[in-house]
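Protein chains in written order, with this note's numbering: chain E, 15 to 323; chain W, 362 to 1011.
Any given hint might turn out to be false.
What the hints assert, rightly or not - Keeping only pairs whose Cα atoms sit at most 25 angstroms apart, straight-line, the calculated SDA-like set for lysine to any residue is:
id	chain 1	residue 1	chain 2	residue 2
1	E	Lys96	W	Pro928
2	E	Lys96	W	Arg463
3	E	Lys96	W	Arg872
4	W	Lys519	E	Ser140
5	W	Lys929	E	Glu129
6	W	Lys929	E	Leu323
7	E	Lys96	W	Leu925
8	E	Lys96	W	Lys929
9	E	Lys131	W	Arg463
10	W	Lys455	E	Leu50
11	W	Lys929	E	Arg46
12	W	Lys929	E	Tyr37
13	W	Lys455	W	Ala407
14	W	Lys455	E	Arg46
15	W	Lys946	E	Tyr37
16	W	Lys929	E	Ser140
17	W	Lys929	E	Arg146
18	E	Lys96	W	Phe924
19	W	Lys929	E	Leu122
20	W	Lys455	E	Gly61
Claimed, not checked - Coverage of chain E stretches by chain W, computed from C-beta distances (three or more under 8 angstroms per stretch; other residues unrestricted):
id	region
21	72-79
22	83-97
23	114-126
24	274-286
Derived from the structure by calculation, the hints contain no laboratory data.
All values reported here derive from a predicted model rather than from experimental measurement.
Heads up, the beta-carbon is just placed ideally off N, CA and C, and yes, glycines get one too.
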Amino acid sequence: MRRWLDRWIARRGPTRPPMTLRYRQIFILPTRFGWLLGLLMFAMLMGSLNFNNNLGLLTTFIVAGLASNSMLLAFRNLQQLKILRTGAAPVFAGQTAQLMISLDNPALRERPGLELKLDDSLRIFSLGPQERAEIAIPVATHHRGWLQPGRIRVQTSQPIGLFEAWSWFWTERPILVWPRPAERPPPLPDQASDQTGEHHRQRSDGDEFFSLRGWREGDPLHRVAWKASQRHDSLLVRDLRQPQARELHLDLARTPGRDLETRIAVLTAWVLQAHRLERPWTLNLGGVKIGPDRGEPHLHACLRALAEL
Amino acid sequence: MKGLPPFNAVAWTVAAFVIAAAPHLLAMPVWLAGAILAVCGWRLLAAHRGWRPPPALLRLSLTGVGLLLIIVAFGGFWGRRTATALLCVMLAAKMMEMFTMRDLRLVASVCFFLIATQFLFNERLIYLVYLVIGSLVATIALTRIQDMHARTGQRTRKAEWDGVRSAAILLLMAAPVALTLFALFPRLAQPLWGLPDQIMDGRTGLSDEMSPGSISNLFLDDSPAFRVEFDGPPPPPDQRYWRGPVLWNFDGTTWSRPFFSDMPSRQFVPEGLHSLVYRVQLEPHERRWLFVLDFPVRGPEQALISVDHQMLNRQPVTTLMQYEAVSNPDFVDMPELSSNLRALATRLPDNRNPRTTALAAELRERHADDRELIQAVLRWFREEAFYYSLRPSPLGRHGVDEFLFDLRSGFCEHYASAFAVLMRAAGIPTRVVTGYQGGFWQANGNYLLVRQSDAHAWNEVWLEGSGWTRVDPTAAVSPARIEQGARSVIDGPRHLLDLDWIQNLRNRYDRIQHLWNRWVLGFDHARQQRMLERLGLSGMSTERVAVLMMLVLLLVSGVLSWFLLRPKRARPRSEAERAWLALLKKMRRHGLVKQPQETPLEFAERVAGRGVEGAEEFAELARMYCRIHYGDRPDETSRFSAGVRQFSPA
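Sequences and hints are given; from them, build the entire structure.
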């Protein structure tokens, strides 16, 4: 039933942003209050007709006019509304992702009382004439991987809540959910024994390699290499970046853990730790090998690979 | 419960209720209305102070008290007043727990229902104001409640006014659909179900009995009873006797209708030389009778003409009713009087009014002829010191004696009653007819306005050869009453506001009321058919009218949709800008379209480059526009618009 409905909606026009809401995508039905007023109108109509009471009839018909206009106005509040894009920054499983939805009101009319609804989350907002807005909807995540949020409903019951007009759309692409990092991971696998690709000996942790570079504003005083500065007639500071820091080999096959998920959690924790220590690492997931490299893009590539595994 | 509703939403909802309930509140006992208003006041205060709803038990018991008050106020009598008062009390009770959007909406929407019920009591023109204001405030309340949900409304005075304005526009836009439905919704020729008599709680107007004071009470009431339009000139004032209930039975104080008064007449009244054709617009009086002139030939289809030539509708008249009637004043009613009827028409209660009986015997001795006897009595009324007065004293057991010999001052019902007793005592069959006499001729509107204060009572005596013959003893005492209307009989104003200019204003207002009645209230099945006939659609069945209504409704909705859904355009702000747009339109017609990124001068250059005739002038106009719009030469505006008007590119 649900799939059939989805297919039917898809047949009626675009279902993913960027899209402009047109009449084929906008649905409208009376709200519960609308049905109640309909009942009231029926009672008024019957009473007035029976007593042949023309002013009573006129009152009834005024309510009918209000109702029919409010149907049009609810529709108008959505018509030509643009959903520009959706997107969400990746989060770790268990965190709440913020699904950002960009909307644009190209018209010169205000659009008050718009609502965005996804599962149980509801956001109410208004768009001024020709205003763009980005609305965040929280999405709960549970498992790593790509999370496809359900149909998002953009709806309104303006101006008096008799009719609700709505339209459905899906996110442009699913939300990336990284694996949840292990809470107490084992220490990083520093001693790699049988790695063939190893080129240099690991130094002990106490040794600290540094180079010298020119002083820049903001460098702390204790890093200034006073003696060297004296020799060079300019201020030099110790640079703690280690171009040849020891490379880590993070291998799924050699990661401790009862099952795959535990091992992935440990690997995730390690990757994050390595990133924090600014050490280069290679991630080997059996079929996929990433690195050696370091930095933000490398981290994201690794996390994504772990999520997709 | 998520927070309390904002003050403005509550305030508008309470206001909508108070306005919709106002006429109902005025009609109920003061203490009951006070109790309802007190709850409204409490609700406003609660919204202002941010109070929570009272505990359920308290609400329940207060509601119970409200129901008890209803029973006390209306004594368990179930009528429309009771029903509407109950509705008011229930809504007030709802107000105590009106703390969610759903409850607020419920109260605001039932206000429309409350407004509609008021029209069961009164449909005068002035209530159009009530309808408009009541609907407006209820609509405002509904939009405020919606805002409270959307939480879009900033609570500023400007936002509040914008809300009022948008609600007014919403209501105004409801008018096309409402009027279409009003004109074309199929009306019923017959009610769906009968109107139970109990729902009629009676209102001022002529009753079916006559006792001293029953008609003089109406004398102070200037509200219209009915209006009449005549085909041809109206009858002279002394012929304007509007026949209502005919009374035969007398118990000493009260005259009442006989058992046969609802039976259909077996006499056929033919049309005569002096037949009158007229249309009556009868204000609802909740009784079955329709007022007609003597003697009705025919009336509306559903009405019957009784033995006493009273016209009776099938249902009580609860809403303004229009009917056409024909009367033949020359008709002779009952040339032969059966002995049964003669006995009934001369019956008097025993041991009452001895002096009157003696007088009747004395008169009978002197005048053997009935006609002479009647003339003698009328002469006596005229020549002796009888007065027409509004403030008659209460009468005792021998009321007619006291009236005729001691007080000699009274209203028409006293004269009619005394005259009937005197006649019956003399053996002349007599009955009392109540109704209205006279009316104010609205020369501008071409109709006769008959007010409640024109209520009257007169007699009919049965005479050999002329049947039942009208005799009006009041006319003998006070001819002005008949000639100039009821108001003329009393010197000076009847009450504080009874001034001539106010009376003139009232007459003027009544002309508008008359049109309102004719076109709005009296719009029924027959009138709808007539309207359609005029549009060339005669003999439409109910189904066809319904189909027509749907078609017109589609059309109207289509136009409305176009109007509402068309994209809003930025309006050019200045005259120069408007002229410039007109100029661009002229260029467009020749295939020269200004690109959005082009400045006026760049466009002019491009036009010149295309070698179009008139490019020079166009460039000059573009320069002028730039000077006006961006420079400091707004004084050139009129020259610019004139230039645009003359400009025509080849």
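* To do: Mind checking the alpha carbons of W:Lys929 and E:Leu122 for me, to see if they're no more than 25 angstroms apart?
  => Since the Cα atoms of W:Lys929 and E:Leu122 sit roughly 6 angstroms apart, the hinted pair holds (cutoff 25 angstroms).
* **Holds or violated: W:Lys929 to E:Tyr37, with C-alpha atoms at most 25 angstroms apart** => The given pair, whose Cα atoms are some 18 angstroms apart, holds under the 25 angstroms limit.
* **Pairwise hint evaluation, E:Arg46 against W:Lys455, where the allowed Cα distance is 25 angstroms at most** => 19 angstroms, holds
* Sort out whether E:Arg46 lies within 25 angstroms of W:Lys929, counting only the CA atoms. => 31 angstroms, violated
* To do: Given the hint that E:Lys96 pairs with W:Phe924, test it: the Cα-Cα distance must not exceed 25 angstroms.
  => 22 angstroms, holds
* Restraint check for W:Lys929 with E:Glu129, where alpha carbons must lie at most 25 angstroms apart -> 23 angstroms, holds
* Has the given pair, W:Lys929 with E:Arg146, been kept, meaning a C-alpha gap of at most 25 angstroms? -> With Cα atoms ~18 angstroms apart, W:Lys929 and E:Arg146 stay inside 25 angstroms; holds.
* Asked: Taking 25 angstroms as the top limit, are the C-alpha atoms of E:Lys96 and W:Lys929 close enough?
  -> It holds: about 16 angstroms lies between the C-alpha atoms, which stays within 25 angstroms.
* Asked: Holds or violated: are the alpha carbons of W:Lys946 and E:Tyr37 at most 25 angstroms from each other?
  -> 31 angstroms, violated
* Mind checking the alpha carbons of W:Lys519 and E:Ser140 for me, to see if they're no more than 25 angstroms apart? => 18 angstroms, holds
* Given hint E:Leu323 paired with W:Lys929 - CA-CA distance at most 25 angstroms -> Measuring from Cα to Cα gives roughly 52 angstroms; hence the hint is violated.
* **Outcome, coverage hint (the region 83-97 of chain E, chain W; C-beta under 8 angstroms; three residues)** => Result for this restraint: holds, n = 8.
Going through the hint list in order, the structure does not satisfy hints 2, 3, 6, 11, 15 and 24.
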